[in-house]
Structure formats: structure tokens, C-alpha cells
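Got chain A sorted already, so can you dock chain B onto it with the hints?
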Amino acid sequence: MSVGYAVPINGQEPGAVLWVIGMSAERRLSPATLVAVAMKRLVAHPEARVQTRGQMSQGIWHRERSQVRVTQARGKYWPVVGHQIEGQTYLYPEEALFLLEIQQLQVLDAEVPMSVQKAFTVMLTHERAVLRYRVYSHLTRLGYKLIRHQPRPSSQPRKRGPTTSPVVGPEAIHAPIKRSKSHALDAPSRLVVPVAETRLLPAGAWPARTRYDVVFQPRPPDGQAEPQSAEPWDLSQISSWSEWKKNRSRMGPINLPSVQEIRVDCETSGRGFYPLDFWSSSVSPAEEKISITRSVADDTSSARSLASGALRTLWMGPVKPMIPARSVHSTRHILELIRIPNRKCNIRDETLIDDRLEAFKIDFDIFLPNVSFKKSRPGLPNFRVIVTSSDESVPKSQSLQSLKESLADSVPLLMGVVGPGNISFFALQDTSLPRIISVG
Amino acid sequence: MEQHVHLPPPDPGAAVKIQMFFGQGLIWNLEDAIEVRTKHRILGSFIGCLPKAPRQVQRFGLPLLLSSEELFVLLKEKVAVLLEYQDLSLKPNPDQAAEFMKYLEDSFQGQIKASHEDKIQNIKENLSTILDGKRKKALSSGKAIADIREESVFQDEISKLKPLPEDHMAVQTFIEEIWQGRSKIVPDWNFPTTSMERLRSQAFYLLWQEGFHLTDGDKFGGDFLVYNGSPQDHHARFIVVCLSKQPEDLSPNEVAAKYRLGTTVKKTVLLAFFSPNEPNQVLFQSVESSNSNLK
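Protein sequences, first through last, are from chains A and B.
Okay, so the first sequence: first residue is 1 according to the numbering used here, each after it adds one.
Okay, so the second sequence: first residue is 1001 according to the numbering used here, each after it adds one.
Please keep in mind that the hints were generated in silico from the structure rather than gathered at the bench.
Note that beta-carbon positions come from the ideal geometry of N, C-alpha and C, so glycine has one too.
Each hint should be verified, as a subset may be incorrect.
Stated by the list, open to error - Computed cross-link-like contacts, DSS-like style, restricted to lysine-lysine with a CA-CA straight-line distance of at most 30 Å:
no.	chain 1	residue 1	chain 2	residue 2
1	A	396	B	1219
2	B	1119	B	1160
3	B	1143	B	1162
4	A	76	B	1245
5	B	1119	A	396
6	A	374	B	1052
7	B	1219	A	404
Unchecked claim - Covered stretches of chain A (chain B as the covering partner; in silico rule of three or more C-beta atoms under 8 Å from a C-beta of chain B):
no.	stretch
8	66 to 77
9	83 to 91
10	106 to 112
11	314 to 322
12	371 to 382
Claimed, not checked - Here are a few chain B residues that face chain A, going by a calculated C-beta distance under 8 Å:
no.	residue
13	1110
14	1211
15	1215
Here chain A stands alone, though its shape is the one from the complex (with noise of 0.2 Å):
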């Protein structure tokens, strides 16, 4: 082995040079030298890659699927990357191709390890794939999570039953649950506590909605039908929900038919709020026994108490207010409802829309570095970005348009745009102009 010459790597880092390893006909790295990198007595160059079989995981190449069966893994990259496909772990061609250069994985094909060239060649097999895979790779080398864009969690109606004394206001939270065992059995019962928000965020979360609703349905237990005697929760010494995850155990399994629904509405200060998925994750279902049920937001609580109490008289008689109180929860609410003219165009223009719609459809769901991520529920994204080239047109506004409004959240939407030589993020937003409020 010697070392032949240098260069400078792309004229970016002055005096970054790109040595030598020997030589064409020295590719093969002698056993000696293997060793001696492996044990790192030798320092190797960059572009080296000599691993130990025992750190590197193993798959095999699946031609049918175009993915990589994993057959051996190893690491620290299996909580974002792989999917499992009946009972067997994955890889998509951007995931597998990736840990293969970052010898992170050895992927055979008819037992012969495949060199990156080759991976290159079979995992990227149009001109999109390989956009979207510098992307992966650029946002993936500086700590960004990655997942293929996942449609929404589909929404299901609340069910709703008669409710035993529904428990409103910020100070229910302390307020003890009353209930006997004699009145609990018959019906289902639910309960609404409002926490304040910032206790239910994961750490670094990004908020995406105003406003969701959980609900907890205790589903019978496997094989019985016959509803067993019920332990209501207590939760008046519960100030939050890692203190009730951390009690939960020691409350035992909810039973029907004691409750069958808790609720819990949870405001937030107008940023949004993090994703129902998140609540699911807190639960085990197969533990406790009970089922996620995930509905649209659409608290009452506190509307409810404007109209049942001292402002009551605001909706009496003929002069009311003009929003009323269960509609809004946020100033912003208020002034896009009284906004004029409608921002959104109700006139369909034929020239707003690509003809290439189906080109900008979101690649990935990207995730901040240091949030909290669960591959099985990975939630909303902290962004989403749509892969394209950079001599490909900017997406016309309705087609942003349409592609915002089937999210119908505010995660932000990136265009990742892929030159020659480098990548760049644009972001298309609407702009409101400020509205200067007086008072008086």
C-alpha cells in the first residue's frame, strides 16, 4: 500500500485532499493491510471501507420487491430505518443504499456482497430515485429522521353515550371522581379533564394542530364478553400524564363497563398541538386492555361554560355576538374567520394546475434530530419535503394549494431542490399581511 497523490475535494475545504490507497491494481486491499485498518493501526483514508463483519448488518437483495430483506441487524440506525412486510424487516433502496456507504450493511446478492456501484445501479433505477436519494443521504448525514411520507391517521367519529356528570374547567383536574361502583356498571360513562398543554408535549415537539381530542375505550378482554366487576380510576392525584402512565399500573386494567371512555381535551396557546399518535404510544393496548380511538377535535368544555354561565345573556335576544363561543378558541381563529375577502381562490383556473401534479407529491417526512421518535408511531412530521430537480418548474400555486389543503395541517412543506453539485430547501408559504389591532 502507498500513498499516491492528492487533490482537492469540489474547491470547498481549502487544503482538503483525497489520498490514495494504492494504486487499480492494488484494489483489493491486502489481508495484512485489512487487518491491520480494522485494528486501526493504520490510518485509512476516507473513501476505505473496512468494517468487521461482527459491527456490519447483513440483507439480501429482493429483486421482486426492490428492497432489502434484512437478515442480520446490527447498530444504531434500527429505530428509524426498516418496515416490517409479513413478519420480516426491510429496507427501502435510499435506507439500504445509505448504510451500505456508510458500512453500516453488507447487502448480498446470490451471496456475493454488492460494492456500491452496483447498489447504486440496482436500488436506483429511475432519475427520481436518485434525487431522492441525495436528499435522504444529505438530510440523513446531518441528523435529520427520514420516513417516507405517511398519509394522515384517518379520524373516527367520537362515540358518543350519555354522560355522568362531565367534569369541565382547569380545576377538574384536581377535582376528585365520584363515582360508585353501583353507579358505574349500567352505562358507559365519560369523563373530561383539560390539561394545559405544555405537560403533554414531548420534549422538542412541534405542534401542528389547534386542538385533539383523545379517547380511551376499554375494549372486554379477550375471549370474555360479560363485562367484570369495575375499579373506577382515580385520578385526582394525577397532575399529568407521565405521572399517570408511571400510576397506571397500580390502578389496574379498566374493565367494562365502569368507563367506557375518558376524554381528554387539551388546548393549547393557537400553535397547534402534537399528533393523536403520540397518546396512542403511551398506552399499551395489549397491556391495558383498552383501544385508541381517535377522533376530531371539537372540545365543548369551555364554550359550554360561556354558555351556561354569568355571559350567558350574551346569546339571549335578538342582538348576539356575531361568532359564537364554541367556534373559536384563539384570537387568529377569530380574525380568519372575519377576514376579508377569503384568501383561498373559489374561482378553479385551469392554468394555476400542473399537468404534472402526480411529479410533486411529498417523498419524505422529516424529523428534528432530537425529538422523539418511535418508527411504529411516528406521528406528524416537523416537516415535509417534495424532491425535485433544478431544472424542473416551480410547482404552481394551486396545485401547493390542493397538496396543503389534503394535509389540512400546518406542518411545513419544503421543496428540495437538487443541483449538480448541491441541494437546496425552499419553502412556499402563504403570507398574510399583519393586521394592526386597536383598541378603541
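Structure of chain B alone, referenced to chain A:
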């Protein structure tokens, strides 16, 4: 201006090998990448991830990605061959698989031997320390130190050595394919086809012939960046913008936008366009402000 020399047709064995990849080129061989960058002033872009430094986007490794214009120049100068690797999409045949298995076995046996010799050398270097330790232990347990001899301790330590386990075998992941590397020359590369492609490739070639270094100009809203020397040592001098129309057809606002583009970053904007009189001739025009001191 340096005289352009027409090079003889390339010897496929000696020419730079470029893999055709969706209208662009990929160079996988390190020597070829260095030659293209140093000898032929075609910079390309490294797009690979360095295995020893995966968590950064400042330094990249192989493959070297060549744009269509860069590929055009290398092929026009006949210093490169464009290849298709038709075997790569296929499974390795039994002969190739057998060759790999033999290589793997030879490598593993060689590593066992190299590892064994390495450990023996390690024992030799640390023999005095081992002897001191054994003598201290013998003293504390009341045994005779005279029985502890260098040769017997050395042989004893060697006998304890275990062969390299398979999990500890060092594996080399090749960048360039060596098992299924059969390729054929792409007979016809259909570029340029459109008027803008012809303009870009011609403009790139002309500037390259003048001795400039060129890179892509996406970051500055242009088509190319032009350097007087290596981008490592120079800032870009020009931003080339290829126009599909004549400069006089630009509106004043468009001219102002182009001018501002260059002024802000201290570069001159070069507009490249086809001559109205000779369709295949590329002309350049710079956009600069004039200091109007009208009195």
C-alpha cells in the same frame, strides 16, 4: 489563449471510464476521478458519503457525478468512454460467485495468519512486562522465580492464542464493482437535443476551451460559475446565464435582476445566447452598470 489540441481517439483501456447514469455520468474509479479533475479541468461533484465521516455534508467521496455538459466536453475531447454495465442488474453467475468465495476464503485465512503474527509480535514487544508480572505473582504465592523463564513464558503465551473468529474478519466493501464489471461502450448518446441543451453545452465548451474552470451555478441563480483557476484557490469571476432569447428582448426589469444578481456577490453576469445571424454560434454579453453622471 491556449491552442486547443485534438486528441486521438481514446484507447478504451486507457481512457477515463464513465458510467452512463440517467443523462449524467458517474466515475467510480479514483484514478479516473483525479485525472478528470487535474488533467482535464472537469471538476464534477463528489456525491458519495464518506464511511469514516458520515455525519457531515462538507466532504464527500466517490462517485464523481458529471453533468451533461461536462460529459459532453470529455467525450468531445475523446479522453473518456461512456459505458453501460449491463451485468450489474443481473445476479452474479456461478463463476463470479465462486471467484468471490475463493477471495473471501483466501482473505480470511490470510487475516488469521496476519492476526496471529500480529499478536506474536505484540507478545514479543511486551514480554518483559509479562515476565515482571509473572515473577511478582510467583513471589506473592511463594513459588520459585527461577522457574519463570523467558522462552517458556513466550511459548506459553503463544499457545493461549486463539484463531481469529469469523465475526472479527475485516470486510472490504468495494466502491467500484469488480465481480461483475463487464461493460460495453454506449454507442450513441443523444445529447444535446433541445436548443437550450445545445446552448448550454456550447457555452460550457467555449469557456472551458479558454482555460477556465467551470462548476454549476445553481447557488447563484445561473447556469454556470466560471473561475480563473481552481475553485479551491479562486472565487468565481462570472455567472453565466444562458438565454433562450436575445438580450435585447429582455425587459429592463429582467436586466436589472440579472445585474443585481452579480453585483451583490461581486461577480459579473455573462449572458450566453445564440447569434441571430449564425444559429450555432454562441455569443457572450456581460451585464454591468454604468455610472451616469449626466450634467
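Hint by hint, here is what the structure shows:
With a CA separation close to 22 Å, the supplied pair residue 396 of chain A and residue 1219 of chain B stays within the 30 Å bound. A hinted pair counts as satisfied when its Cα atoms are at most 30 Å apart, and residue 1119 of chain B with residue 1160 of chain B qualifies at roughly 11 Å. Note on residue 1143 of chain B and residue 1162 of chain B: the hinted pairing holds, with a Cα-Cα distance of about 28 Å set against a maximum of 30 Å. Among the hinted pairs, residue 76 of chain A with residue 1245 of chain B is inconsistent with the structure: their alpha-carbon atoms are about 54 Å apart, more than 30 Å.
With a C-alpha separation of about 67 Å, the suggested pairing of residue 1119 of chain B with residue 396 of chain A is violated against the 30 Å cut-off. With a C-alpha separation of about 27 Å, the suggested pair residue 374 of chain A and residue 1052 of chain B falls inside the 30 Å cut-off, and the hint holds. For the hint pairing residue 1219 of chain B with residue 404 of chain A, the CA-to-CA distance comes to about 27 Å; that is within 30 Å, so the pair holds. With 0 residues carrying a beta carbon less than 8 Å from a beta carbon of chain B, the stretch 66 to 77 of chain A misses the three-residue requirement, and the given coverage is violated.
Residues of the stretch 83 to 91 of chain A lying with their CB closer than 8 Å to a CB of chain B number 0, which falls below the three-residue condition for coverage. Counting residues of the stretch 106 to 112 of chain A whose beta-carbon sits less than 8 Å from any beta-carbon of chain B gives 5, enough to reach three: the coverage restraint holds. For a cut-off of 8 Å, the count of residues in the stretch 314 to 322 of chain A with a CB near a CB of chain B stands at 0, and the three-residue condition is violated. Interface restraint, the stretch 371 to 382 of chain A with chain B: violated (0 residues with C-beta to C-beta distance below 8 Å; minimum three).
The beta carbon of residue 1110 of chain B comes within 3 Å of a beta carbon in chain A, closer than 8 Å, and the hint placing it at the interface holds. Evaluation of the residue 1211 of chain B hint against chain A yields a violated restraint, the C-beta minimum of about 16 Å exceeding 8 Å. For residue 1215 of chain B, the suggested interface contact is upheld, since its CB lies about 6 Å from the closest CB of chain A, less than 8 Å.
Of the numbered hints listed earlier, those contradicted by the structure are 4, 5, 8, 9, 11, 12, 14.
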